[in-house]
Every structure is written in structure tokens, then in C-alpha cells.
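A.B. asks: Got chain A; can you put chain B on it based on the hints?
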Amino acid sequence: MTASGKLTLTVLLSVFGIIFIYPLLWLIFASLKPNQEVFSTLGLIPSHFVWDSYVKGWIGIGKNSFSRFFVNTIALVVPVVLLTAVSSTLVAYGFARFRFPMRRVLFMLMMATLMLPDAVVMIPRYILFKNFGWLNTYLPFYIPSLLAVHAFFVFLLIQFFRGIPKDLDEAALIDGCGSFGILVKVLVPLSKPALFSVCIFQFIWTWNEFFNALIYINSVTKFPVSLGLRMVLDNEGAVHWNQVMAMSVVTILPCVLVFFMAQKHFVEGISTTGLKG
Amino acid sequence: MNKLRLTASQPAVLKQRSLLKRSHGLLGLLYISPWLIGFLILTLYPFVSSFIYSFTDYSMIRPPSFVGLQNYVDIFTNDPDFYKSLKVTFYYVLMAVPLKLIFALLVALVLSVQLKGINIFRTVYYLPSILGGSVAVSVLWRFLFMREGLVNKLLSYVSVAPIDWLGSPKLALFTITLLPVWEFGSSMVLFLAGLKQVPKELYEAARVDGSSRARTFFNITLPMLTPVILFNLIMQTIHAFQQFTAAFVITGGGPVKSTYVYGMLLYDNAFHFFKMGYASALSWILFVIIMAFTFLLLKTSNRWTHYEDGEGQL
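Protein chains in written order, with the numbering used here: chain A, 1 to 277; chain B, 278 to 591.
Heads up, a few of these hints could be off.
Said to hold, decoys possible - Restricting the straight-line Cα-Cα distance to at most 35 Å, the calculated cross-link-like pairs of lysine-lysine (DSBU-like) are: (1) B:Lys534 x B:Lys393; (2) B:Lys576 x A:Lys56; (3) B:Lys552 x B:Lys534; (4) B:Lys552 x B:Lys393; (5) A:Lys63 x B:Lys393; (6) B:Lys447 x B:Lys430; (7) B:Lys477 x A:Lys166; (8) B:Lys552 x A:Lys6.
These aren't lab readings, by the way, just hints derived from the structure by calculation.
Chain A on its own, in the form it takes in the complex (with noise of 0.2 Å):
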């Protein structure tokens, strides 16, 4: 390409990107702006930058402020995060490395529920769990983690684990080691950056989780912050625009941050699961 196609190129990537990204800075921007300026200026950077509105925002409503909200997000991210990573090495490292019976047809199984509509399954999901008594728990979130249920990060490092040579486990079971010891001493560091996407990809879902934190849990003790956002969305949304917008900066700014320092692998791990592994 001739260097003044590729300089148009870049102008026009360029526009279209400043499009893309306006309406977030414009969020952040604007949560440091007076009130009555949020709309009526188009510039990004205020008159005088408040900040009140992040503190004023985080008192929440009530008795709740965004530190619990965001405490309640943590004690429900990390352990989802953490229990879905192992749960799902365990079995994509089943599927990828043992033979045993009826695999194709569980492998094709699993590969199904990738495509089934979660709505087909949610309400006898919510029905098991009202029985278990796990309403306003974080166990309908747990569980389901523990036990692999999210069928694409298995098959993301099924994908990965078979790009690993057999040769390596061969080795490691001549230096004696079993067959857990191959996953987690062969595997499993060879598998860092897939291993990294499942947490990151999941970490960013369950943060953002909003339709299952609606329907299982209903005390606003135990919010999580898309809860505890849309409450104040609903309370205020209409009155102090910049605590709301402030409070919706503060909670994708994890999402964004992780997004940042783990970008490479991010891509890396989309490309992963690409068709042709």
C-alpha cells in the first residue's frame, strides 16, 4: 500500500476511533464536573474539577455505601474467578489427554451447552437453588464455577492444552510423575497465558454479572456493584447526574485496568479459541 493510502488510513482509523472512545472519556469527564455542567458544556474538561461527586456517590443510599458493594463484588469475583480456573484445567486436561467411554459423545455434550440458551435453563436453576436455600447467597454463583458449567473456558484450554506436545507428558511420566503431576508440573506452566485469559475473561464477566446477581440475590447488604449501581441509578439518575456517573467510572474501572495490564493476553486468548485450533 502506497504511504498516502496508509496515512488516510490512519486519519480515518483515527476520527473513527476518537468517535468510539468519546463517549467514555466524556463519562469520566463529566463525573468532575459541577452538576449543573454536565450537559451543558460539550468541552471534556470541566470549569473546576469537583470531586464530591465520587464522595457524595460512594455514601450509596442508606446505610450501604459503594465499599460494601464493592467488598460483596469481591467475595463473589474471586472465588468464581479462582474455582473456575481449577475446575475447568481439570476437566479440559480430562478431555484433552485421556481416552475413556462415551468421550466424543460428553466432548460433543459439552460442546452443545456453548450454544444453549441460558434462558432454557434458568428458572429450574432458580427453582434447585431456592431449595438448597441458597437464595441471597453467593453459592448459585460458586457452584456453578466449581463445577465447570462455563463450557467455553474448557474448551479454550482444551484448545490450548492440545497444542501442547504429548512428548513433554511422556517425559514427565518417566521422571516419575503421575498423572496429576504432569498437569501441574508440565501443563499447567506451560498453559500460563490461556490459564490468564480464563481468569481475566471470567473476572470481567462476573464483575459486570447483572441478570443472575437480579434474580438470586435481594438484600442490599450483599449487593454487588451493578446492583448497588442501579439502585442509585434509580434513586438519583434524575437529580445528581455526576454522582451517578461517577459511581459508573468507579465500577468499570477494575474491568478497564485488568483490560490493560492484560491485553496481550487477552487477544491472545480470543485467537485461542479461533475455529481452527
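C.D. replies: Chain B only, in chain A's frame:
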């Protein structure tokens, strides 16, 4: 010395290997057992029982009572919300999915050209999609498109009167449809990965043949990308049919149910009215619709999808 050790340990290794082989089957099952248990209890059982619930009247207070096809009859003959939400959802799916994928493909094509700072662009375009169905993004959308919001502010500079994006039944659904399009990044990354896998020799050959850029695109790039397009189409369609958060948070399904997507209809019946049997029937209708779409895509894909090894892979 070396040789000696090797021969000495050989039988032990062989023995260990054969042991491992014999227990291999059981071990494999052991490793997949978390998933197997999860599948049976959290997927298969709910799948079957929601079908059974769909023939019952079940309010969770009393045990389910069998009502035959009554739920389905009621849905099809006596529930205007059903038809309304079906229409809304079809509009949403048929608009959002193609728009998102066309966007993703176009940007991926441009990004696949070797440019400086390509990573910055990729990051910028990808960023919105990691925020996915979060409440914060819905909040952002509300502030962008409310009457005094940013978009109207922008339009006022070119003397366009404020538009009631979210308050008008005609526009609200369109406004919500724009949200997934904004989050095209994840599909774009898949396309980029697909583009990388197109063999360089093909482009070389096309160049030698003096093929025009458009021809190269339609004869090489696009056919080689069809598996990724199919994958994206299926996953995005399944996802879009179950849209909930944006409609729920931004407009609450309004005004006059113009954004009342199927996901909201399901939610209201199941978790507001606790009509579990009725909601199960609704979920099965959605399931059948989604399966029909997926089947249609897969079925027709034989005609438009190209696989290098000559056989379907999906």
C-alpha cells in the same frame, strides 16, 4: 553408566505406563467429573424439567399442577405482550447482529493492513466490548441519549432540534440497538485472528494473476473468513435473542413496551409474577426459535461457508 541406568529403569517405566493405560479410562472420567456432575445437575436436569414445568401451573407456593397445553394456548391466543416482545426482539436481533458484524469485519479488514500504532487502535475499538452488559454502560447510554444528553447537545450545534431518543416509542428500540453495535470489538478480534490465518500464498497467487483488490477480497479473503463469520453469527444471534440488561436498565422496556424484549417478558413472568410454568413455556418457545435460527444458519452454511480441508468443522 548411562546405558546401564536406562535399561535398569526400563521395565519399571513400562509397568507404570501399562498401569496408567489401564486406569486411563477411569482417570479421564475422574478429571471431567466436575463438569459431568455440573452438566447433569445444572444443565440437563433444568433443561428437561423446564420442559415439564411448561405444561404445569407453578407459582412456587404450591406444587406444580399439570395443565396440559394450557400455557402454550394462553401464550399464543391470549398474551399481547408475547407478540409485542417477539416483534421487538426480532427487530433487535435482525438489526443489531448484522450491523455489529459488518462493523467488526470492516474495521478488522482495515486493521489487518500493516499500519503504525495498530495496537492502539485495536485497544480503543476493543475497549467498549469488555464492558459488555454492565450496568455502567447502560447508564452511559441513558446519559448519551436522554433529552438533555450528549447526543442532542452535539446535534444542537448543527441546529437539529432535540430528539427524544429514549422517550419516543419509534426511536427507543433503535437507540438500544446501537449499544451492541458500539461493542463490536470482541467480534472484530475474532475476525482479525481469522484474517491472520489466511495463507499468504493465496494473496501472492492473486497478485501474480493481477487480480484487482476487490476481486481478491471477494474471491479469497471473504471465503476464507466464512467459518469465522458463521461462528460469530451463531453466537451473536443466540446472545441477542436473550438481551435483557440494556432494555431493563435504560428504558425498563418502555415507552409503551416499545423496548420490551423477550428477556424482559421472561423475567417479568418468572421473577415478578412467579408464573414459573408459564415462563418455562415462554423459555421453550424462545429455545425453539433460537434453535431454528441456528439450524437455518448451519444448514445454509454448507452453501456459503468454505473450509480449507473440505469438511465442515463447526
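A.B. asks: For the pair supplied as a hint, B:Lys477 and A:Lys166, is the alpha-carbon distance within the 35 Å limit?
C.D. replies: holds (29 Å)
A.B. asks: For a C-alpha distance cap of 35 Å, please report whether B:Lys576 and A:Lys56 respect it.
C.D. replies: violated (56 Å)
A.B. asks: Below or equal to 35 Å on CA atoms is what counts here, so check B:Lys534 against B:Lys393.
C.D. replies: Roughly 47 Å separates the two Cα atoms, so the pair is violated.
A.B. asks: What's the verdict on B:Lys552 and B:Lys393, does the C-alpha distance respect the 35 Å limit or exceed it?
C.D. replies: Given pair B:Lys552, B:Lys393 is violated - Cα atoms ~57 Å apart, limit 35 Å.
A.B. asks: Hint check: B:Lys552 vs B:Lys534, CA-CA at most 35 Å. Holds or violated?
C.D. replies: holds (20 Å)
A.B. asks: Just to be careful, I want the Cα atoms of A:Lys63 and B:Lys393 compared with a cutoff of 35 Å; is the pair within it?
C.D. replies: violated (51 Å)
A.B. asks: Check the hint pairing B:Lys447 with B:Lys430 against an upper bound of 35 Å on the C-alpha distance.
C.D. replies: Holds - the C-alpha atoms of B:Lys430 and B:Lys447 are around 20 Å apart, at most 35 Å.
A.B. asks: Within 35 Å, alpha carbon to alpha carbon, are B:Lys552 and A:Lys6?
C.D. replies: At roughly 59 Å apart (the allowed maximum being 35 Å), A:Lys6 and B:Lys552 break the hint.
Comparing the model with each earlier hint shows violations of hints 1, 2, 4, 5 and 8; every other hint is respected.
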